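K.L.:
If you're matching them up, the sequences are chains L and B in order.
Going by my numbering, the letters in the first sequence line up with residues 30 to 207, in that order.
Going by my numbering, the letters in the second sequence line up with residues 298 to 891, in that order.
Hint data in this document are derived by calculation from the structure and do not stem from the laboratory.
Hints are supplied without guarantee of correctness; some may be wrong.
Stated by the list, open to error - If you want the footprint, here are the derived chain L segments under chain B, 3+ residues with CB under 8 Å:
id: 1; segment: 99-108
id: 2; segment: 121-129
id: 3; segment: 155-166
id: 4; segment: 172-178
As the structure is a computational prediction, the values presented were derived from the model and not from experiment.
All residues carry an ideal CB built from backbone N, CA and C; glycine is no exception.
This is what each chain is made of:
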Amino acid sequence: MAKVKIATEWLAGCAGCHMSLLDLDEELVAILDAVEITSSPITDLKHPPEVTVGIIEGAVANTANEEVLKELREKCQILLAIGDCSCFGGIVTMRNFLPKEEVLRAGYVDTPGTVDGKIPSDPELATLLDKVKAPNEVVKVDCYVPGCPPSAAAIGWALKELLAGRIPAPVGDNLRYD
Amino acid sequence: MSEISLTINGKQVKGERGDTILKVCERSDIYVPTLCHYGGVHEVGTCRMCVVEVQGGRALTTACTTPAEDGMIVKTESDAIQSLRRATLELLFSERNHYCMFCEASGDCELQALAYRHGMDSVRYPNLYPKMELDTSHPYLALDQNRCVLCRRCVRVCAELVGAHSLGMRERGIETLLAADGGEPLSASSCVSCGACVQVCPTGALFDRRSAYRGREKDCTTVKSSCPECALGCAVELVARSGQVLRVEGDVESPENGGLLCRRGRYESLNGHRERVLQPLVRKGGELASASWDEALAALRAGIEAAAAAGGAGAVAAVASARASNEALAALRGYFQQKLDSPNVGAIGAAASPDGYPAATLQDIRQADLIILAGEDAGANHQVVEFAVSQAVEQHGAALIVVGSAARRLQKQACVVVPAGSDEVARALATLTAAGSESLKRIACAERAVFVVGAPVTAVPQALAAAAQSARDGWPRVLALAPKGNSRGAAQAGLNGGASVAKGVKAAFIMAGDDTEMLDRFLPQRDEIGFLAVQASYRSPLVEMADVVLPAPVWTEKAGTMVNAQGREVSLRPAVAPPAGVRDEADVLAALSQ
């Protein structure tokens, strides 16, 4: 049987959910018998091919996140959100309490130790959105495994559900927000 | 009460007329999710989690506010119900800022538990991200509006059980905010710092500052004990982790204080920063120096027994705090009264109850129709009594007569207030209830008259007897307030008030334990007492001036019993081990008697 193709993307997040995926350890090796990971922060390949499952971590904070998310949505049949940021918005939405300009100044100008800091501005660079959004405010998301991060076991369970042809709907130990 | 019969989820169940649908479900062990519901306060139906389907009803309805009727057919689970409950949860989460990953309540949060239970893995509504305030002005509790779900449990408990009415709501709709006194910082508000609101908060909106982030319930041990701060002996649960007591909670299962505690019991006994006595000390060459237990006990025995040999048994005195357990008091008597035959053995705070009246419980106070509060400022020293009195007056329409000083709140609630200093209270009570007086008639008419009296009244039995004589049979019930956890037990053991050490005493043993009020009252007498031994939990000027110092455990480290104001035996149970080198008072004294 051909392997199921998966692509993963890392939007505005901390990479913790991808770390949790890698925490599957030897179970990941078993899963890879049935799955091929195409573009992903793990393989360092960009731009997903046509895949069955797209996995996202992180929320949508800037124009690049938006573009990457929309591209993956187009290329995948099922979009799985892992982690609180991609399920709800998560901790990265804490900047929504401040004006965007203040956030940029705090990051690039007012940082302790920064001398003559400048807010980056270049057509090549993504710009911040006014508010950080949960991915389901931008595209349709098919299934969710929240957690900060979700446990390796919860991610493994979701992958196995998908391999078995079911849309994962976590309950019990697989459903955690912290 | 008449029985009614309902069909819930296809099953025949019984309820009582006057029950809500929720109450019937509770009686029959049928789970209905709730958030704003809290036993003991009135239902408000704000959270909408308990929606159920009543056949023939127009729409889903809240089980907590809908009266159950005979013949009702109710469903507590269906796809429509489930979907509405989940939507409600999503709205609650999106309305405020619920960041579980760093919330103090995560793991112990009722909102989170409900969301897990309802499989909420995403939220369909955009989060609003309102900018919310955090009130950390109060020394013991904090209010984080970000986590508030506006369930009003705290508001209702503060008003209906505590009687403080400090918490309320301001603004309207989505901008509604929990507010103390309409928007004061908690520390500047009328908050009585009893912490009841924190104990009932279902989320992390109100939390205990001391125990915040120090462990979820599953990581902690909980031990039921009794508060020794006054003679009410309120039932508490000590929550501990890694050898430290994180917080004191009221035991909701207690029919007496029912989860309520006062500022002293819940907060003050844990929040002091006093230096402990951690090992025995013996004065050597003028200086207090560390010693082994054997050395310290030998020095204690030598000092006491030398004084007894030289000056007779009357030259020796032992004074305990009435916070000490029955067991510690018995051991003290064992050595000083039985072995050494000293006539000077007392307990500070020992207080007998007046003879001949049934003891009033807090339950009696709450259900009384007439309360006479005389000779004790319940608001200052026995807040939990004040709460019960307020509940009786405000919730059940009881009449209150105050003689002597009382908290402003009780003065406002009273129909008669007779101000009197503590030396005049008994006389004022006698005058108020003189033959033919209005008050005496009130007492005669009352069905459930309760007297709450302080020491100035207990000391004058005839004043109380005169006031009580007109009450109906079996009444009045009398609660005689007393200052220490084991005031009654100490009096029952025959120990007097022991306020000072008698003249001519050449050696004294002071069993202070963790009673900080007691420690320094013997300072003025220090020079008259030749040999002084102190058993204390904390360092103090008196400790520094003693010849022998024995470290003692604090109440959260102790096992033992006390007799509370109603004459009921209550238990102290240790939540944590005492520091190494600290030994139980009773064991130490028992060793001396051998």
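K.L.:
If a hint holds in the structure, say so; if it doesn't, say that too.
P.N.:
Status of the hints after comparison with the structure:
no.: 1; hint: 99-108; in the structure: violated (count 0)
no.: 2; hint: 121-129; in the structure: holds (count 4)
no.: 3; hint: 155-166; in the structure: holds (count 5)
no.: 4; hint: 172-178; in the structure: holds (count 5)
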